[in-house]
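Trainee: Those protein sequence lines, which keep their order, are chains A and B.
Last residue of the first sequence: 108 in our numbering, with the numbers rising by one and none dropped.
Last residue of the second sequence: 1245 in our numbering, with the numbers rising by one and none dropped.
Just so you know, the hints here were simulated from the structure itself, not pulled from any lab data.
Please read these numbers as outputs of a predicted model, since none were measured by experiment.
Possibly wrong hints are sitting among the right ones.
[Unchecked claim] Capping the alpha-carbon separation at 25 Å, the derived lysine to any residue pairs in SDA-like fashion look like this:
hint: 1; chain 1: A; residue 1: K20; chain 2: B; residue 2: L1062
hint: 2; chain 1: A; residue 1: K75; chain 2: A; residue 2: L64
hint: 3; chain 1: A; residue 1: K20; chain 2: B; residue 2: A1060
hint: 4; chain 1: B; residue 1: K1051; chain 2: B; residue 2: E1075
hint: 5; chain 1: B; residue 1: K1217; chain 2: B; residue 2: G1083
hint: 6; chain 1: B; residue 1: K1227; chain 2: A; residue 2: F12
hint: 7; chain 1: A; residue 1: K92; chain 2: B; residue 2: L1186
hint: 8; chain 1: A; residue 1: K92; chain 2: B; residue 2: Y1033
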Amino acid sequence: MESSESKKSARFISQPALRKNLLINQHSMTMTTGLAGATAGIIGLTGLSGFAFFFVAGFVLIALLQMKAGFNWEKFFPSYKVLMGGWVTAFKTYILFWTFLYGMIHIY
Amino acid sequence: MIRDAITLDPQIRYWVIAPILIITFLFGLIRHYLMIILKNGPSQGSLESVKTMQTLRRSALLRENGHFLPANSFEIRKRHLIGEQGALTIGKDTEGAVKNPMQDPSMMGDQLKGQMTNMLPMIVIGGWVSYAFSGFLAARVPFPLTLRFKQLMQRGIELSSLDASWISSMSWYFIGAFGMRGVYELVLGEDNQADQARAMQQQMPGGVGGQIQDEQKAYKAEWEALKITNYKNALENVEKMLLQT
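Could you put together the complete structure from these sequences and hints?
Mentor: What follows is the structure, encoded as structure tokens:
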């Protein structure tokens, strides 16, 4: 049908809007990984369960972002690939908060 | 789950861990503002280079968004740029002087300032931390590390049977310095100068506001790219789409 054909035509992406969306993504990523790291530290997760918790937090983050986009990711971002960046920084933030809270609570 | 539970002095918590973290963060802030103060100001380059960059950008935009224009408009613009007297053609054929970025004084100054401002605090604080806070365990990373890390993480401590998870204050400083990047982005917004990793990447010469190293090559590439761009009407079925909704 015509509608599915015309969907392949070019989309007009507004650059400032896209940048703002990416920024929102990045901020949410930083905050949730920080919070997740703090939670992991407070609970006292160590080793593998700590890393598993990071992945869980990642999935929760993606799910929440999808909900914020109204499950209509295509409307706000040109592709799903924008999710791929910035995870290493998020991981480092996670480690920082995790170590910090773990040390604070469990070394007494 | 806590293997060999070593009890550390709670005073360490207050006088070592928290201060190092706070100092790392504050120094990052200082570095950011210092860079802003010391920066040369928005370096735009000469009129020639500005013209060059704008022309190239215009051509790139035409390539990217041209399919939203009517066919005639696209062809007019294309011919204007790469025709006989086109801006791109002229730029392609002139032999410009190759500007060596290494000899450009303003760029070197910026680069040096960036390098110094970023590396110096790290070295200074690292040295101070290892001097003032050496010889005892600071914290414990919550995951098991191999013995190879012991050499790295336990700088001042000479126990060979100690679990590699226990770290010295110096390694705590590094963990803090690396993990703070996310926090800096939250606090300082985009384009913050406290971001060290990105600063290391920015040590490459040239950049958005700087001068293009070889303008002729850039012109040539853009000329060829535009030449092979075909017009594709993206708005062909737009009436149908409108009538359908």
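Trainee: Report the numbers of all earlier hints that the structure fails to satisfy, in ascending order.
Mentor: none
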